[in-house]
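S.K.: For reference, the chains in residue letters:
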Amino acid sequence: DQQVKQNSPSLSVQEGRISILNCDYTNSMFDYFLWYKKYPAEGPTFLISISSIKDKNEDGRFTVFLNKSAKHLSLHIVPSQPGDSAVYFCAASAYNDYKLSFGAGTTVTVRA
Amino acid sequence: DAGITQSPRHKVTETGTPVTLRCHQTENHRYMYWYRQDPGHGLRLIHYSYGVKDTDKGEVSDGYSVSRSKTEDFLLTLESATSSQTSVYFCAIRRDEKDYEQYFGPGTRLTVT
Chain E
-3 DQQVKQNSPS LSVQEGRISI LNCDYTNSMF DYFLWYKKYP AEGPTFLISI SSIKDKNEDG
57 RFTVFLNKSA KHLSLHIVPS QPGDSAVYFC AASAYNDYKL SFGAGTTVTV RA
Chain F
492 DAGITQSPRH KVTETGTPVT LRCHQTENHR YMYWYRQDPG HGLRLIHYSY GVKDTDKGEV
552 SDGYSVSRSK TEDFLLTLES ATSSQTSVYF CAIRRDEKDY EQYFGPGTRL TVT
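Protein chains in written order, with this note's numbering: chain E, -3 to 108; chain F, 492 to 604.
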């Protein structure tokens, strides 16, 4: 049973607007969350992360929000650019665990 | 660049044949991982290693074995390939034991006919 869920397989957004990607998790032991970006024919690349002691982490155009009570996190990309078109994976880990659990991914398409 | 190479990058093989994929890192990291990526499933952990000769199963380990005889190489073997093992395989390393981030190689596309 998948413990990390990305319920939107795809998202289309106009260049310059905000992209919002959502992720839900079921395992209450998860306390560290990550987002990865993947282009076709390449490996995933780490984008941004957040610890459960925070509810927001920002890095340039990328902000991750964590709502622990709802077991939900989201990634905001502002403003969206054509180079942001990719597959985005949400991942989670429990404290001191060496493994990551990934969601199924959301394909983002940024329209000019 | 995570200093990870995977070989081969593409392979087509027949059902029932053995296949070995290689992951090579240049930075002597302790933790290495093998994942497979399939549509609708994201990345699923097959096996991982926490040191030379120290390995453990992930969530989709059936039909796969691994070996790590030296720090820099982590091998994934399909003893008898099946069509359900057609996938893209990624190797990853964990650079810092204090951090959770993993860094991925470029992937191997395997087709089992």
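Keep in mind that a hint or two might mislead.
Subject to a maximum C-alpha distance of 30 Å in a straight line, what follows is the list of computed DSBU-like cross-link-like pairs (lysine-lysine) [stated by the list, open to error]:
| hint | chain 1 | residue 1 | chain 2 | residue 2 |
| --- | --- | --- | --- | --- |
| 1 | E | 1 | F | 561 |
| 2 | F | 544 | E | 67 |
| 3 | E | 50 | F | 561 |
| 4 | E | 67 | F | 561 |
| 5 | F | 589 | E | 64 |
| 6 | E | 95 | E | 1 |
| 7 | E | 95 | F | 589 |
By construction, these hints were calculated from the structure, which means they are not laboratory data.
Predicted model, so just to flag it, every value in this text is computed and none were measured.
S.K.: It remains to establish, for every hint, whether it holds in the given structure.
M.R.: We went through each hint and held it up to the structure:
Between residue 1 of chain E and residue 561 of chain F the alpha-carbon distance is near 36 Å, which puts this suggested pair outside the 30 Å criterion. For the given pair, residue 544 of chain F sits about 37 Å from residue 67 of chain E by alpha-carbon distance, which is inconsistent with the 30 Å threshold. At roughly 38 Å between alpha-carbon atoms, residue 50 of chain E and residue 561 of chain F are farther apart than 30 Å, so this suggested pair is violated. Straight-line distance between C-alpha atoms of residue 67 of chain E and residue 561 of chain F comes to about 40 Å, which puts the hinted pair past the 30 Å bound.
Straight-line distance between C-alpha atoms of residue 589 of chain F and residue 64 of chain E comes to about 22 Å, which keeps the hinted pair within the 30 Å bound. As the CA atoms of residue 95 of chain E and residue 1 of chain E are separated by approximately 17 Å, the hinted pair is consistent with the 30 Å bound. Distance hint between residue 95 of chain E and residue 589 of chain F is fulfilled; the C-alpha atoms sit about 13 Å from each other, no more than 30 Å.
Comparing the model with each numbered hint stated earlier shows that hints 1, 2, 3 and 4 do not hold.
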